[in-house]
Amino acid sequence: MVLFFLRLVASLAHIALVFALAPLLLGLVTKLRARLLGRRGPPLLQPYRNLRRLLHKTTLVPDTATDLYPIWPFVSFTAIAVAAMLVPGFCLGLLTSDLSDFITLVGLLALARGAAMLAGLESGFGFGGAAAAREALFSVFAEAALLVVLVSFVLIAHSPTVDGIAAAFRTGHIGISVSLGFALAAMLAVALTETGRIPTDNPSGHLELAMVHEAMLLEYSGRFLLLFEYAAMLRLMVWMCLIGTVFFPFGMARAGEILSWPGGLVLWAGKLGVMAVALSLFEIGTAKMRVFRVPEFLGVAMLLGVLAGVFLFVAARIGA
Amino acid sequence: MHLRLDALSVLFLCILLPQIVASALAERRGPVTFWVFAAAMVLTLLAGDAFTLIFGFELMSAASWLLVLRGDARPATLYAGIAMFSAACLIPAVFLPASSLAFMLVLLGAGAKAGLAPLHSWLPRAHPAPPAGVSALMSGGMVKVSLYILIRYGFIEFGAAAQPWWGSVLIVAGAASVLIGALRAMLEVELKTMLACSTVEHVGLIAVGLGIALRAKAMGNLDLASLALQGALLCAVAHGLFKPMLFLGAGAVKNATGTTSLDWLGGLMRGMPRLGMLMLVGAAGMAALPLGPGFAPEFLLLHAVIRAAGTGGILARIGFTALLAGLGLSAALALGAVVRLIGIGFLGRPRSLHAAAAEDAKRGTLAGMGLLAVLCVPVALLPGVVLGMLEPVIALLAPNSAPAPLSYAPLSLGILFALTAGAAVLGLRRFAVRGTREVAAWTGGFGSPPAWLPFGDPLTQPSATGFAEPVRRAIARGLLAPKGVDPAEAYLLLPLSKVSLRLTRVAEHIRRSTMRQRLAFVFGALVMFLLALGLGEGG
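Heads up: the protein sequence lines correspond to chains H and V, in order.
Read in order, the letters of the first sequence correspond to residues 1 to 320 in the working numbering.
Read in order, the letters of the second sequence correspond to residues 1 to 539 in the working numbering.
Check the hints yourself; a few may be wrong.
[Stated by the list, open to error] Quick look at which bits of chain H chain V covers, simulated, 3 or more residues with Cβ under 8 Å:
1. 4 to 10
2. 19 to 31
3. 80 to 86
4. 129 to 139
5. 147 to 158
6. 219 to 227
7. 295 to 309
These are calculated hints, taken from the structure and not from any lab test.
Yeah, the Cβ is synthetic: ideal placement off N, Cα and C, and Gly gets one too.
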């Protein structure tokens, strides 16, 4: 009973923290990137202000949109929000841990992506359609790479849930393995594509022809745009939590042991900070790719995922 | 004629019956051939001996050939050829004793009729030809009847002689179907052809599941066999619900607008809102999105592949890892195809006056689709219950196995969804500015359209062809034959037809020979015969 209560509190705390800190995380990345480029950059809290500004804006609906126009932002936001509830942040053993199957997570991300693509096609103008078509192309390789990585995880951890994988990796018996290195590289490539960062997309780009994620939302405004923007912030948070939880689960708190929570929280904040620094460092060091180079980039990720599996099979064969 | 009912035939009857009802509702007392077709499928499923099975199957082929012929004469010849090939393989196979040869013949015969690669290229041509109700029944029902024969002979009749490599062959054929089907579904512009290509993909998925089960059963890994069977059978159930629904919807679109080419549709959600919502349900199943009817089978199949990658020899394990990548590719391609179907066909602006003036479907079609949509709900939200009902079938196919409970819980996920969406709606209502204002959409820099195009110039819109262009450039060039032709067509059917043409020419040449040439033939044959006789006697 006490254990259930503690897990409930931990889950609620996780949800509250993820939802509250997602804009801050984006603000941090933007700020760091601007600083590294020698600019002062927007204040850390700017994403919160953007969201508040959108709350007070009138929502415009294009006359060519169908009745489903308001549905897509809700679908996209809800799918990402549920994914954010499933991926553990500062502690393992949340109430949602049984639901957090990796394939369910892939499905939720696909659902959010599908809703965003339909939003791009909704009002029937060219840029949204072009962006949706590119997103469809990127997603083909991203999804394959993400699924292939799962083979290595399941073989090492004997569990398909994010929670179970992290719990198995946390014990430290696995050590540093080549397979996991490849898997990390593949996951990072997919994460960059999914969250629309350089080198596949430019979050601060303003040229419609070159945009992917932003161009699908060009016709959205007001509270619907707010949902999409908040979903984008949550998506960055989900991916950082996912990579942090799966690859660096050391020292994560347990939901049932309340004394381990403060340490877990500090570690979680540290992990997010380090990943934000790494992301901004990577972004200022790389240029955006041409659209048709992205499949090659993600194809390499997919091959790395397969290689991760192959290394494991070979290791199992020679008994290493 | 013996009739028999066991768990397997009951399952496939349950898959078949709602489709027959829905198609009959949509077709409004279809022609006699339609009912013969439906009855033949039921007879095949009820068959208790090999003769009845073959009789029902061939009756089904003949009736469906007539239906295809009535719709469009061009693919009917190819269809008849495939049906004869399938008969030529199946008829000897069912009377042979259990052996690898017999299984291969069953696989060729039933696989050709089910649309398994490399014998799938007739399916995207023949299935769209007849009226929508028949297409729905062909895609959702006839394909399942062929798979039923494959399952019955692979697992039950020949089960004792099963070899692991039978499963491997099935997996390879299934994987090829999945990839090619998904890719072509993304590229095709005709709505019904696209749905037929997606059928090839789903048949491939079922075949992959069956192959893994067959292989695992032959190798004694019963847990994996039951997991893969769960995935394959649930996939058959789900596909039997959402695919006929989509085909009926495509027929309604054809009725309302006179075309099924996505390049001439658009904005149908305005004129056909009820049909559009039903199509959304079917599309969610086709794309295997969470909370839709297609996700649970995909989930089980992916887990089966992952578990298969953890056992067996190293080459097989690498193969299963590659298979997982292929399934991931095709899942995303299927999502792209569905986005294209809904986004280009039903959202946006109309691309022709017919699409702008479309009116909602007839009541019969909507009732048929509604019936299938209602049946989708338990598959989507309570797959655990449906799997419980599948247990006797799995016990029949893989005895002594204990199917594991499903670890995907759509109900809990659905509660999370409802809570989040509710919170978002309430939060926005409380804190955001309410109401919306309708404004003219941004034209993207194009000039205003001419007066005779009240819904804007269709050329300024993304088209179905254009939407598929990135995928065509990046993937189809590598996987399909030149000019985007199906590889089975370019590398199998075309050479075969060339050989047949050459043989026909030779035969025609012989037939037209003069009297002297004929006499020379006879004389030559006589000499050869005597020579052979003499040499034989002398030796």
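Here is how each hint holds up against the structure:
1. 4 to 10: violated (count 0)
2. 19 to 31: violated (count 0)
3. 80 to 86: holds (count 3)
4. 129 to 139: holds (count 8)
5. 147 to 158: holds (count 6)
6. 219 to 227: Result for this restraint: holds, n = 5.
7. 295 to 309: holds (count 5)
Of the hints listed earlier, those the structure fails to meet are numbers 1, 2, in rising order.
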